[in-house]
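Engineer: Please model the complete structure; the sequences and the hints are all you need to start from.
Residue numbers (this note's numbering), protein chains in the order written: chain Z, 141 to 411; chain F, 15 to 454.
Everything labelled a hint here was simulated from the structure, so no lab data went into it. Hints should not be assumed to be uniformly reliable.
Claimed, not checked - In the DMTMM-like style, the derived pairs of lysine to aspartate or glutamate whose C-alpha atoms are separated by at most 20 Å in a straight line are:
1) 305(Z) with 124(F)
2) 69(F) with 226(Z)
3) 305(Z) with 305(F)
4) 376(F) with 307(Z)
5) 161(Z) with 407(F)
6) 197(F) with 146(F)
7) 331(F) with 309(F)
8) 69(F) with 360(Z)
9) 406(F) with 159(Z)
10) 33(F) with 152(Z)
11) 112(F) with 146(F)
12) 434(F) with 341(F)
13) 376(F) with 152(Z)
14) 401(Z) with 399(F)
Claimed, not checked - Just a sample of chain F residues kept apart from chain Z, beta carbon distances all over 12 Å, derived:
15) 35
16) 61
17) 66
18) 87
19) 121
20) 134
21) 137
22) 155
23) 199
24) 278
25) 293
26) 305
27) 340
The beta-carbon is built from N, C-alpha and C at its ideal position, and this holds for glycine as well.
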Amino acid sequence: MHIVVCVKMVPDTTLVQIDPKTNTLVREGVPFITNPFDTHAVEEALRLKDRYGGKVTALSMGPPAAEMVLRRALALGADEAVLLSDRAFGGADTLATSKVLSEAIRRIHENEPVDLVFCGLQTIDGDTAQVGPGVACRLGFTQLTLVDHIYEVNQRESYIEVRRKLEGAFERVQARMPALITTTREINTPRYPTVPGRLQAASRALPVWSNDVMKLERAEIGLQGSPTNVRRIFAPQREKGEIINGLNGAHLTAADCMLNKLYEWDILNAD
Amino acid sequence: MSETRRKKPRGKARLIEGKCIACGDRCQASCPFDAVEMSDGEPVFILTKCNGCGKCVKICPSEAIELIYTPDEQKILDEYSRKNEPAEIESKADSAWKHVWVFVEQTEGEAHPVSWELLGVGRQLADDLGVELAAFILGDDVGHLAHEAFGYGADRVYLIDDPILSRYRTRAYLEAGLLLIRKYKPEIVLMGATGLGRDLAGALATELRTGLTADCTGLSISLADRLLEQTRPAFGGNIMATILSETARPQMASVRPHVMPKPAFNGERRGPVIQETLSISEDDIPTRIVEIIREKSDSTVNLAGAHVIVSGGRGMKGPEHFWMIRELAELLGGVVGCSRSVVDAGWLPYAHQVGQTGKTVKPKLYIACGISGAIQHLVGMQNSDYIIAINKDKNAPIFDVAHLGIVGDVFDVLPAIIEKTRASLNAPAELEQTAVGMEP
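Structural biologist: Structure, rendered in structure tokens:
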């Protein structure tokens, strides 16, 4: 079985703050990490390999520095990794991103047929959950989003059975392969890389596919291939409510004031 | 006129300190001269290569790039600006695409409320554009939903009713949606940002090769160019971005439940129902649903339906202190919520998470304890009827959305409010008397 897993290098957006004076992002010292959702995708791909045998290829699109997320996947047990990196890929929205990723998977597939593609449900910087469906659509693979459990893979009859998380329910679904799966964070607990794994991954040669290799039309990738663009970015301005002091022993009067509001707003009933 | 024809000076690009948000190398990708190198996400301009074309200035979403000129160049520019040509604004999009559509999401014949919320905002967009608002309904035996769609503001309904659509499956719904959109060409398509809506929207937009903006918190029409302005949290919900899809059609956007108000229902409204038939068979669908497993009701919190939510953030310092949150929630008949960092730290399960990657909520009262209020959290709770925030840091952004903000230590304020609430529930009249004379 051949599994491709897509990973993205993202800034750790939980550490980003807004400068209250200038209303701009403070990015200094914010590290780049593997998108947390993707760590679960990698783990699930590796678990299937452990269970059924086969091979895992990790794939990422990004700047040259993004090789770090691929080396981490290799350290965890991925067999191969490919970085898609070119200025021409930059500035891409989800449509243009899915173009490059799907074409890369097609190339990999032609060389060695792909049975499953794993993606994290979404990224923490974009939060769109659109790239997975985009890649599935472009490849014509069965689309399975929000997967939180895999029951079985039947290679002989070429189907997979998974559980999808819906609102207030789960759906057990049987799907034809090849399929693309996006994983929730509940699907598993990712493993940590071992020291020998890390050392081995650090010394591996890592192929980088630029657009000289991919040969994609400029109009379909990067900035040009992106139908959406950002008109403006801003920190929202809001009207402040009532602010009271509860520090230095004033917490009791603050609590009284809060209690009054609870009555005024009909949360508590005076009768 | 003795003037020899001088070339309009083009200047050089320069980064404005502190404004770059490391959006993802847009400036580098836009540069035709390879004059932009990236360093830690920010551009470095190679002045010997920069030809001052201004492409990076235009593409930068945070207005972080400017063109600089020598004093001589500036002089020539000033002359130019005196004989300025008027800008011409014209829609570049194909005008065959017209009208605003809303997807009516349903399960077992029951519509998801987000569909009606979308008809509310869709009505406004359609009126601003002077076009029709239509609902499109896909399912099996779902014709009755047309009446509801008209009641919530649709002028017209497109319907595909087919047993193959009885349960949501990507391929079947994708084919049905594509059939309608390709045939009737709406300029705007709105969908709920639910699990189902996101699954379908991503597939539809890809097949249509068009733009899709997820989780919008604001939608409006830019009247000058008739474009849909789609505002959403960006950069992990730390800042807001307004996004356009200038030429691709339809312009697609998804909106989370509880973000837009539900419009009033008018049972008298009627309109035409246009029905289409789908010609796909079960063999064309690569998935088969084996079983629906209902979630046990005690295993999750019902944040979406809660009247009161008491939420804790990183300021609670550890899971062992969440008893205070639980106790206050219980006293007020509410449930426990939390911020993303609490879930990331493993203090509470994901089901409690409020915010962009968690649940969007709209309770009567939201109490935020030790939550600083990153935008990604605020967009998940800012539409609550009343908000109380308790935080030590008086500059915390949570105070920007709070109706009552208490600058104080949660470990002082919470025990006090728990005690007072409990006492007042036992003897309400008496306690109301004592609650006077607070400090400003």
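Engineer: It remains to establish, for every hint, whether it holds in the given structure.
Structural biologist: Status of each hint after checking the structure:
| no. | hint | in the structure |
| --- | --- | --- |
| 1 | 305(Z) with 124(F) | 19 Å, holds |
| 2 | 69(F) with 226(Z) | 19 Å, holds |
| 3 | 305(Z) with 305(F) | 12 Å, holds |
| 4 | 376(F) with 307(Z) | 17 Å, holds |
| 5 | 161(Z) with 407(F) | 15 Å, holds |
| 6 | 197(F) with 146(F) | 16 Å, holds |
| 7 | 331(F) with 309(F) | 31 Å, violated |
| 8 | 69(F) with 360(Z) | 19 Å, holds |
| 9 | 406(F) with 159(Z) | 18 Å, holds |
| 10 | 33(F) with 152(Z) | 19 Å, holds |
| 11 | 112(F) with 146(F) | 8 Å, holds |
| 12 | 434(F) with 341(F) | 12 Å, holds |
| 13 | 376(F) with 152(Z) | 28 Å, violated |
| 14 | 401(Z) with 399(F) | 13 Å, holds |
| 15 | 35 | 5 Å, violated |
| 16 | 61 | 18 Å, holds |
| 17 | 66 | 19 Å, holds |
| 18 | 87 | 28 Å, holds |
| 19 | 121 | 8 Å, violated |
| 20 | 134 | 21 Å, holds |
| 21 | 137 | 23 Å, holds |
| 22 | 155 | 20 Å, holds |
| 23 | 199 | 16 Å, holds |
| 24 | 278 | 23 Å, holds |
| 25 | 293 | 19 Å, holds |
| 26 | 305 | 4 Å, violated |
| 27 | 340 | 17 Å, holds |
Hint violations for this structure: numbers 7, 13, 15, 19, 26, all remaining hints satisfied.
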